[in-house]
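Visitor: Residue numbers (our numbering), protein chains in the order written: chain X, 1 to 408; chain E, 1 to 408.
In short, the hints are calculated from the structure, not lab data. All of these numbers come straight from a predicted model, not from anything done at the bench. There's no promise every hint is true.
For identical chains, the list gives no copy identity; a pair is met inside one copy or between any two copies.
Unchecked claim - Under the rule of at most 20 Å between Cα atoms (straight-line distance), these lysine to aspartate or glutamate pairs were calculated in the EDC-like manner:
id, residue 1, residue 2
1, Lys100, Asp191
2, Lys94, Glu125
3, Lys297, Asp274
4, Lys374, Asp47
5, Lys340, Asp363
6, Lys294, Asp274
7, Lys231, Asp191
8, Lys180, Glu219
9, Lys149, Glu197
10, Lys180, Glu360
11, Lys156, Asp385
12, Lys374, Glu151
13, Lys239, Asp274
14, Lys27, Glu197
15, Lys27, Asp233
16, Lys288, Asp32
17, Lys238, Asp191
18, Lys231, Glu242
19, Lys298, Glu125
20, Lys288, Glu125
21, Lys156, Glu129
22, Lys374, Asp142
23, Lys340, Asp400
24, Lys180, Asp329
25, Lys235, Glu247
26, Lys298, Glu24
One-letter residues, chain by chain:
Number of protein chains: 2
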Amino acid sequence: MNHFFKVKSLEEVMALTGRFSPVESEKIPVSDAFSRVLARDLVAKQDMPGFRRATMDGYAVVARSTFGASESGPAWLDITRTILMGDIPDFTLKLGQAVKISTGGMLPEGADSVVMVEHTEQIDELSVEIYKSVAPLQHVIDASEDFAKQEIVLSKGTFIRPQEAGLAAGLGFAQIEAYKIPRVGIISTGDEIVPIEAQVVPGKIRDINSYTLSGFIREAHAIPVLYGIIKDDLKALKKAVEKALEETDMVLISGGSSVGTRDFTVDVLSALPDTNILVHGMSISPGKPTILAKVGKKPVWGLPGQVVSAMVVLKIVVIPFLNKLAGLDKKDRTIRIPAKLARNISSAQGRRDFIRVLLENKDGGILAKPVLGKSGLIRTMIHADGLLEIGDHVEGLEKDTMVDIILL
Amino acid sequence: MNHFFKVKSLEEVMALTGRFSPVESEKIPVSDAFSRVLARDLVAKQDMPGFRRATMDGYAVVARSTFGASESGPAWLDITRTILMGDIPDFTLKLGQAVKISTGGMLPEGADSVVMVEHTEQIDELSVEIYKSVAPLQHVIDASEDFAKQEIVLSKGTFIRPQEAGLAAGLGFAQIEAYKIPRVGIISTGDEIVPIEAQVVPGKIRDINSYTLSGFIREAHAIPVLYGIIKDDLKALKKAVEKALEETDMVLISGGSSVGTRDFTVDVLSALPDTNILVHGMSISPGKPTILAKVGKKPVWGLPGQVVSAMVVLKIVVIPFLNKLAGLDKKDRTIRIPAKLARNISSAQGRRDFIRVLLENKDGGILAKPVLGKSGLIRTMIHADGLLEIGDHVEGLEKDTMVDIILL
């Protein structure tokens, strides 16, 4: 019953993303762009905003007309017109003249700045006093000041937040080229696992992993596809994996937390054509019995059946891996929050430990309190706000150490 | 052209959530539970896991049989059986006996602990040496140790993360009672706004707000419903608002960044029956010209037309407000990250300033660098990772001050 895995580190596993290609791309309407990943650089087709615009309500002027103006010595200007929103002024503004303008309005030819209405007083229909001078380009956005024609405004691999979606819309892209949304197949295995609708009997346990794993997949903006519960039967599992590989971009097999069934997953994967077992054990805790294979061109993961371990492996390893498949090549989307450790904590050397913590605001900072309870209890994940990562060569951390918490 | 708003603080506006009821609830399959909000306490219908389970591969024993065992003086136990995954043992284990068991397996009557396989050596078919003693309940999870029957495991108002979805599944809830997903109507107004497909001409600007606002709504797990661009026409806008109020739970009107059109939005809302203008101006920057009305039972927001201001108001005010409507009554879901300010920054007293910052990892901490550029440029929101909040009574912040950043 001895088992010597040649375990890989987290970094070694992440480096394997290079062996897989991102999913294909497709054209999508910009209204669906939020949470997608850009598959081609977005290049401005014209200047933005495209004309000189007021950023304040007031008067468009030639800045020089206001030089030296003050409360005690205001400048007098002639009001020649009012520019309404959306108007295209067809005249040229001259020294000594002013036109009323609202935020967002287009400045006429000749005008180079806007005096805020708060610094003026209209004397009559045709004249206004200016109490404060403005500099050229003050309170305006110039024609190409936001983005210039031909500029790369967003690069390939960018995650599209609300502001990126708005920018694409503002530049007139009704459609953008985005990576397809990855589909992830989820298979639960184990003779002890029963469907959630089952009346549970001693010795059996309901399928939890299908639901936690698909939650993490959805959180990562991908699509989970459930293939149900497969008994510990080589033929049945092989068939399920083949089907999942046909229909999805990545497959997760959870279960087989015992030594025997772990090998079972490897046996099944090895029985598939064109399989390469890349990882058979990782030096992280929880999550050691993690398997990664490349079957054809697609990644297949063997995850621990133990529910907490499966969640940690998903969050720490599989989701960052999935992000690469999804085309992301910018920042890691994992959110890490600096916090102060609430008590001493010990750790084994030679592996990366992930400790569940709850976060509390304290003294203007954040306190990370390790969650108590056996590691197999789901309760510990319910109480946890994040995971504390402890390095491979660290024996433990002292109270008050500043640590990074991966948000759950 | 004077305009004196009785501006409200952020806290005063947030307190108004109390005037609105959360959306209704519905039964949903637990497979759709991720990102929903629980509308009723979830009470365990039975113990979890429901039986005494092994958390390690090894031998189930009566702990007392191992007391005093060591490398030099191992305990000898009789192997009576092997328990397979999903087996229901129908015998009672006695002192001096051991049964093989895998992680997740059910312990037989009488057994109270598991010896890890690493601390044993099987001598022959029928006997095993134990090199380390175990305590009662070591390496097992007891029948009700995760959750006990009748316990409230998740309370009403909880945001359902992957682990909460898994827990509900594990407890046998095929369906849960969740708040409906709020629908948010979005109306863009302004004579200068044209559809994104339009060939843009000077003086006109494409509709950006519909896309940024719907992105933030989707990020908050709600459903945006676009009502397009409405010209500055009282009758047309009134009709659009009425339609949106009928079909959605909350309405956003963006546009009218100039003083005149701001009043226009108020005029339209006032013309609707049963309207109460709750907010007419907020002491935040950007975002001062924000309007909130209660029309019938629903909130209607008037947002600045300026795209950056509209985004900040959405993120800072409208989304936390929406979370309350969505039924959330636990933690605020806004993520705040402690960071060190990279340079001095000034701020006006009497208002809450929100400064766009980009975040950089430095010396084990996070550095917040204010984004340069005029506040009206979308570019500044593209470069920003977060917003720095500066309090009402703060004149400015010094370099190296620790600050909280609201993640964008």
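Visitor: Could you tell me which of the numbered hints above are not met by this structure, giving the numbers in increasing order?
Guide: When the structure is compared with the hints, numbers 10, 15, 16, 19, 20 and 21 turn out to be violated.
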